[in-house]
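Given chain A, put chain B in place with the hints provided.
What follows is the residue order along each chain.
2 protein chains.
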Amino acid sequence: MLYFIGLGLGDAKDITVKGLEIVKQCSRVYLEAYTSILTVGKDALEEYYGRELILADRDMVEQEADEILRGADISDVAFLVVGDPFGATTHSDLVLRAVNAGIQYRVIHNASIMNAVGCCGLQLYNFGETVSIVFWTDTWRPESFYDKIKKNRDLGMHTLCLLGEGRKVYEPPRYMTVSQASGQLLEITICVGLARVGAEDQAIRAGTLSQLATCDLGGPLHSLIVTGNLHPLEVDMLRLSAVTADALQGLRAADSSTYTS
Amino acid sequence: MLYFIGLGLGDAKDITVKGLEIVKQCSRVYLEAYTSILTVGKDALEEYYGRELILADRDMVEQEADEILRGADISDVAFLVVGDPFGATTHSDLVLRAVNAGIQYRVIHNASIMNAVGCCGLQLYNFGETVSIVFWTDTWRPESFYDKIKKNRDLGMHTLCLLGEGRKVYEPPRYMTVSQASGQLLEITICVGLARVGAEDQAIRAGTLSQLATCDLGGPLHSLIVTGNLHPLEVDMLRLSAVTADALQGLRAADSSTYTS
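Going down the list, the protein sequences come from chains A and B. Under our numbering, the first residue of the first sequence carries the number 1, and numbering increases by one thereafter. Under our numbering, the first residue of the second sequence carries the number 262, and numbering increases by one thereafter.
Just so you know, these hints were derived from the structure itself, not from any lab. Careful: at least some of the hints might be erroneous.
[What the hints assert, rightly or not] The calculated DSS-like cross-link candidates involving lysine-lysine, where the alpha carbons are at most 25 Å apart (straight line), are:
(1) B/Lys285 / A/Lys13
(2) B/Lys279 / A/Lys150
(3) A/Lys24 / B/Lys274
(4) B/Lys303 / B/Lys279
(5) B/Lys285 / A/Lys24
(6) B/Lys411 / A/Lys148
(7) B/Lys409 / A/Lys13
(8) A/Lys151 / B/Lys409
(9) B/Lys409 / A/Lys42
(10) B/Lys411 / A/Lys18
(11) B/Lys409 / A/Lys148
(12) A/Lys24 / A/Lys42
(13) B/Lys274 / B/Lys285
(14) B/Lys279 / A/Lys18
(15) A/Lys42 / B/Lys274
The shape of chain A in the complex, shown without the other chains (with noise of 0.2 Å):
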C-alpha cells in the first residue's frame, strides 16, 4: 500500500493519529520536500515520528517514481505532505504510477491553506478561483492573478492568493510576504489625476493608487482616472505626468499584445 498522508499545516503534532500509526508501520517514509514548509524542519517530524524521513524533493518525484513505489505492492510505504495530499501540489503522476504498476494507495487528508484559511471568518463557499502571486523580476512582470481577483470581485467573491516562492535551482527558497503581495497589487492599479485642467497651473499626475493617496495636486478642482487596459500609446502618454521615473513600471505587461496598432 501506498499511503499519501497530510501533516496539516503546524508542527509534528498536527498529524492525524491515524497518519501517525501508519507512519510508524511503514517500511519507508517519504517527506515532500517542495510545496510547502512546517514550522518544524525535518529532524524535529524524524524525532516525534521516530522514524528516518527520506526527503523527496520534485526531482526525485518525477525521475525517481519507481523508487518510491518499490515494495509497495508487498510492503506500506508513506508519502508524507505538508497540509493536505492534494492542496497544492496534486500527486496524480504519483498515484497513476501506483496504480498502473498494480499497487493500491490510501490518503490520509488533513487541513491545508485551501480550507483552513476560513478561520479568519470569511465563508469558504464564497471564495472564488484560488491565484497565485508570484515575484516580480524587472522583466518579469505577470498580471493574470489580477484579472482573476477581478472576475471573482465580479461575482462578489472573495479570493484567496497564494504567496509566490522565488526558489531557482540550488537556491534557498524564498517566500513571499503579504506586504510584499499587497505592493505588487498596488502597483498594478494605475491612476490618473488632474487638477484645474485647463488653467495655467493644471496639474496632471500618473502613478499607482498607493503613490496618488500622497500626492498633492495642489487647489481645486480635481478629477481622478483608475485606467483599465492600456494602449501602449497611452502608456507612453502617461508616462510624461508620471509621478515618479518608476511610477508605471507596473504598467501591464500584456499591453502590447492585447491591442494591435
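Same frame as chain A, now just chain B:
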C-alpha cells in the same frame, strides 16, 4: 481557552495528535451535532477519546453559548467539529462571544470536504464558488445552484456541489445522494426535440435532457433545442408537447418573476 478542534472526515483516529491531547485535558468537551457526520457515532468517539462528550446542536450553540463558554477563561473547554472548525458552519458567532467575554480561543485545523475533494484528481485551484443542492419539494424547487454552476463553467471552473440535508425539526436528518442530485440537475435542462418539421407526421417533444435521450422521434430530420430562460407562455406551449405529464415539472420557478407579461 476555548479550543475549536476539527475531527476530520472519517473516524475517531482522524483527529490530530494535538487535538487529541487537548481533548483529554479539557474540563468540558462539546461535540457539534448538526453540520456533518462521521462514519462513527458519539459513543465510539467517547470511547476512543476517553471523555464524555456533550452534544451541542444548533439551538444550544445559538441559545446557550454562555453555558459553552462558562469557565473557559480559567480552564480549557473544547468544541469538536466534524471536518474543519471553519468548514461548513463558521463558528463566528461563538468566536465573537468568546472574544467579547475576554476568553481566548484557538483553532486546531483538520481536513474538510472543501480541501479533501482534491483526492479525485481535480486541482483545488480550479474550483469556483461552492454550491449547495437542496432537496426539492413539490412546491419548492430552488435552482440558484444551477446559475452558480453555469457561472463557474463559463469561467472554466469546477463546482463542488454540497448535497443537501433534508432535516426538519424533530425529524432524523436525511442526506441527498449523488444520484438524487444528478437527477435534479438533469431535470433543470429542458430541451425540445423536433422531427420532420412541416411534414404531416412532424413530432415535437419537450422534456428533460435525460428524457429526450430515450425518446424516439422517428425518421429524419431531427433538431434539438436546449432552452434558456423561458417565458411563461413558452412554458405553456411546451407543455403541449411534453414527453410525459410531469416532464416539465423542472421548469424554473423563477420564470414568472423573470418576465413581465
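We went through each hint and held it up to the structure:
no., hint, verdict
1, B/Lys285 / A/Lys13, "holds, 15 Å"
2, B/Lys279 / A/Lys150, "violated, 39 Å"
3, A/Lys24 / B/Lys274, "holds, 15 Å"
4, B/Lys303 / B/Lys279, "holds, 20 Å"
5, B/Lys285 / A/Lys24, "holds, 22 Å"
6, B/Lys411 / A/Lys148, "holds, 17 Å"
7, B/Lys409 / A/Lys13, "violated, 39 Å"
8, A/Lys151 / B/Lys409, "holds, 14 Å"
9, B/Lys409 / A/Lys42, "violated, 43 Å"
10, B/Lys411 / A/Lys18, "violated, 39 Å"
11, B/Lys409 / A/Lys148, "holds, 17 Å"
12, A/Lys24 / A/Lys42, "holds, 16 Å"
13, B/Lys274 / B/Lys285, "holds, 14 Å"
14, B/Lys279 / A/Lys18, "holds, 13 Å"
15, A/Lys42 / B/Lys274, "holds, 24 Å"
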